[in-house]
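Undergrad: Chains as they are written, first to last, in our numbering: chain H, 1 to 416; chain S, 1001 to 1416.
Certain hints may be false.
[To be verified] Here are the simulated distance ranges between beta carbons:
1. H:GLY376 / S:THR1255: 33 to 43 Å
2. S:ARG1140 / H:THR200: 47 to 57 Å
3. H:ALA58 / S:ARG1140: 38 to 48 Å
4. S:SER1317 / H:ALA374: 28 to 38 Å
5. H:MET91 / S:ARG1387: 35 to 45 Å
6. H:THR254 / S:ALA1231: 49 to 59 Å
7. S:ARG1387 / H:GLU310: 34 to 44 Å
8. S:GLU1169 / H:PRO363: 34 to 44 Å
[To be verified] Just a few of them, taken from the derived set where beta-carbon distance is under 7 Å, the chain S residues facing chain H:
9. GLY1010
10. GLU1011
11. SER1035
12. TRP1038
13. HIS1039
14. ALA1100
15. ALA1101
16. ALA1104
17. ARG1106
18. SER1111
19. GLY1280
20. VAL1300
21. ALA1328
22. ALA1374
23. GLY1409
Keep in mind that the hints were calculated from the coordinates and are not lab data. Heads up, the beta-carbon is just placed ideally off N, CA and C, and yes, glycines get one too.
Number of protein chains: 2
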Amino acid sequence: MRIEIVTIGGEILCGRIADTNFVFLARGLARLGLSPTWHTTVPDAEPELGEVLAAARARAEVILVTGGLGATPDDLTRPALARAFGRELEMRETLWREIAARYAARGLTLSVASSAMAQLPVGAEVLPNREGVAPGIFLRDARGLLCAMPGVPREMEAIFTQEIAPRLEALLAARGGRPAREVVLRTAGVSETVLAERITTPEGGLVAYLPHVGGVDLRLQRPFGSNLEDADHARWVEAVRGELGPIVYGEGETTLEEVIGGALVSRGLRLALAESLTAGGVSAQLVRVPGASRYVEGGVVAYANRAKEELLGVASSTLARDGAVSEACALEMARGARERFGADVGLSTTGIAGPDGGTPEKPVGLVWIGLATADGAWAVRRSFPGRRDTVTARSITTALLMLHRHLAGIPLEGPA
Amino acid sequence: MRIEIVTIGGEILCGRIADTNFVFLARGLARLGLSPTWHTTVPDAEPELGEVLAAARARAEVILVTGGLGATPDDLTRPALARAFGRELEMRETLWREIAARYAARGLTLSVASSAMAQLPVGAEVLPNREGVAPGIFLRDARGLLCAMPGVPREMEAIFTQEIAPRLEALLAARGGRPAREVVLRTAGVSETVLAERITTPEGGLVAYLPHVGGVDLRLQRPFGSNLEDADHARWVEAVRGELGPIVYGEGETTLEEVIGGALVSRGLRLALAESLTAGGVSAQLVRVPGASRYVEGGVVAYANRAKEELLGVASSTLARDGAVSEACALEMARGARERFGADVGLSTTGIAGPDGGTPEKPVGLVWIGLATADGAWAVRRSFPGRRDTVTARSITTALLMLHRHLAGIPLEGPA
């Protein structure tokens, strides 16, 4: 089923407000196993409105429109919708009385322009707006259907959830056919390109790579209408999991910090941090998980060397001999955090985020991550390209990944 | 000048990630006095790519494309761009060697698919990508021009700022007319509505309010073609600055942490943090500024009460009597950070981020921020609505704002 979303709004086009309505609709469609194939944003103006609706009618079976249904004089959406379906606008007296009653109930004065809200294309169905005044519009003919919703997020969300989603579900059910399916595998520590070379995709399957600062998400999809059986899709997911092994840390919306939190809780372990270049970024990310106080004891942001010595017990001889960005310092920081906080696991970061402070031996981007437990301490070395914020972000991810691997019993250095 | 933006990316269409690139580009165009008239999002797939590029070519003079320039097998953008301009793709040997050298410098292995990144339409200009590997593409003919950028925000932003914006400016300058002008005043601590009531806008001027988690940016604009003289624009900016006083903390791209850093450096002061609910978020934000080690000594993430006592010296009687989320605890934490790190200024946060842990007396969202200097200690109380991440983000901003106000000699509690 080809679906298009049309956002009407100059405020969104000029970057003033983000189009959260679009994200809401796309996710709502995803829950039905549907995905829009096209999204257009245009101003509430002609010729754009006419053009976008004509083009969408030519391409798609379902068109979802948000915005432009208010009663301001610049509202051109209703006439444009009518023209797109080759119909006239007509005044709906019952609807008009309802709108007038709502205004009265709120103590508002009806403007002449408000009557535009009661003018609908001939044959259109009214989609009641329980959160506001302007109703949604449902139009259908042999070529397809169109649902128009107001741009106010609360009103749009209510109309989509209460009126439009059920109509789409009924449409899908009437057609039978295999619904869309998707499993998201979350990976960390390996690039998109390397993943692509290790994954095979069966006929009827589709894989999408979604890189973000913490790793790459793999979406293993069966699009609507594909021939791939449920069991084959499940087997495919298992095969990819098997091939990637510990590179996959979770499924769906699971975050690395949630996986870590779960492992710490289930093993009754408490964690302490010692952060230099990341300066609290690792602990801030860990405590995004509700209930993190069950396993995060705390940490020291040891930005200055004096703090590394006095609050973490790093030896001054280590700092003099190896410097703050060194394996020895990372190990002592991790051990120090563990001891000072009375925690089971200590995790440390030290490095040169740049842009200054690099030397030929220790260039900008050099990072050491340390981990200490009752059984010993380990450190890994990384060299990250990019700007200060990139080096910091990748250091945070690497520290979380090292902790995750330790807790999951995966060798700390591989696979890189 | 008719401008279209085309976003390529299935992950945006399915609602999984927000299209922050579009917002960045729309705002970047606004700085030039330009606004896109049409924005389309399509998947990295045919026939959509071909259709959207052909339609954009027919409608617009300038087309900005983001995404689809990676080297995974699903990349169809480069061939689609070439077709839209009726050109062949050709291998650029110099570019290919540069890309190979970048891979080598990072210790990465070149995959066969990577060579796609060096294939450009005949006659296209390379837009260097200083933040990544895949270069941008600049195409121009008698009908108009097209700029393609990778979808990774950092890379897209650098290419737009360094390569594309200057080309658009030159184009506008060649056409004559008073150029667009804009001054951005950054404010914190006051809502958009309150700002709007205090600002007057001259004929030919335009003000845009851009709220974000750290405050509201005011864009005082003279759009392209407006009659407002340079001197009148400058006078307007000064008048708004005068009216808002200390609500404005900086201009342009200046961040609150940069202003704070500048004030600490110029006064030779060093800072230490004591963070509970923000768990390192305040220090992580402060050290985003290069050279922050000149004034950030470090901090304690005191998530557990034991850490508050042992590493910050909060009295156990305080915790027993007032609890960890209290004025007394915030004050002792700030004093403790200052003393333990031998710093001049101590800054603390403690509160209930939720979703659990609230009580009728101390509901979720209750936050205390403390500040200690040689002259004394102060605390402010806030109550933030919203989810865990919102409460945390607003606590970080409030802590930074409190520190800024202290350093700037502004009363800590006003204007709220």
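Undergrad: Taking the hints in turn, state whether each one holds.
TA: Hints, verified against the model:
1. H:GLY376 / S:THR1255: 33 to 43 Å: Hint holds: Cβ distance 41 Å, inside 33 to 43 Å.
2. S:ARG1140 / H:THR200: 47 to 57 Å: Violated, since S:ARG1140 and H:THR200 (Cβ atoms, about 41 Å apart) do not stay within the stated range.
3. H:ALA58 / S:ARG1140: 38 to 48 Å: Roughly 30 Å apart at Cβ, these two residues miss the hinted range, so it is violated.
4. S:SER1317 / H:ALA374: 28 to 38 Å: 33 Å, holds
5. H:MET91 / S:ARG1387: 35 to 45 Å: With a Cβ separation near 44 Å, H:MET91 and S:ARG1387 satisfy 35 to 45 Å, so the hint holds.
6. H:THR254 / S:ALA1231: 49 to 59 Å: The hinted range 49 to 59 Å holds for H:THR254 and S:ALA1231, with Cβ atoms some 58 Å apart.
7. S:ARG1387 / H:GLU310: 34 to 44 Å: 37 Å, holds
8. S:GLU1169 / H:PRO363: 34 to 44 Å: 35 Å, holds
9. GLY1010: 5 Å, holds
10. GLU1011: 5 Å, holds
11. SER1035: 5 Å, holds
12. TRP1038: 6 Å, holds
13. HIS1039: 4 Å, holds
14. ALA1100: S:ALA1100 check fails; min Cβ-Cβ to chain H is 14 Å, beyond 7 Å.
15. ALA1101: This interface hint is violated because 13 Å lies over the 7 Å limit.
16. ALA1104: 12 Å, violated
17. ARG1106: Interface hint status for S:ARG1106: holds (6 Å vs cutoff 7 Å).
18. SER1111: Check passed: Cβ of S:SER1111 comes within 5 Å of chain H, closer than 7 Å.
19. GLY1280: 2 Å, holds
20. VAL1300: 6 Å, holds
21. ALA1328: Hint violated; S:ALA1328 Cβ to chain H Cβ min 19 Å, cut 7 Å.
22. ALA1374: Since the shortest Cβ distance to chain H is 19 Å, the answer is violated.
23. GLY1409: Cβ of S:GLY1409 sits 26 Å from chain H, so the hint is violated.
In terms of the numbered hints stated before, the structure departs from hints 2, 3, 14, 15, 16, 21, 22, 23, listed from lowest to highest.
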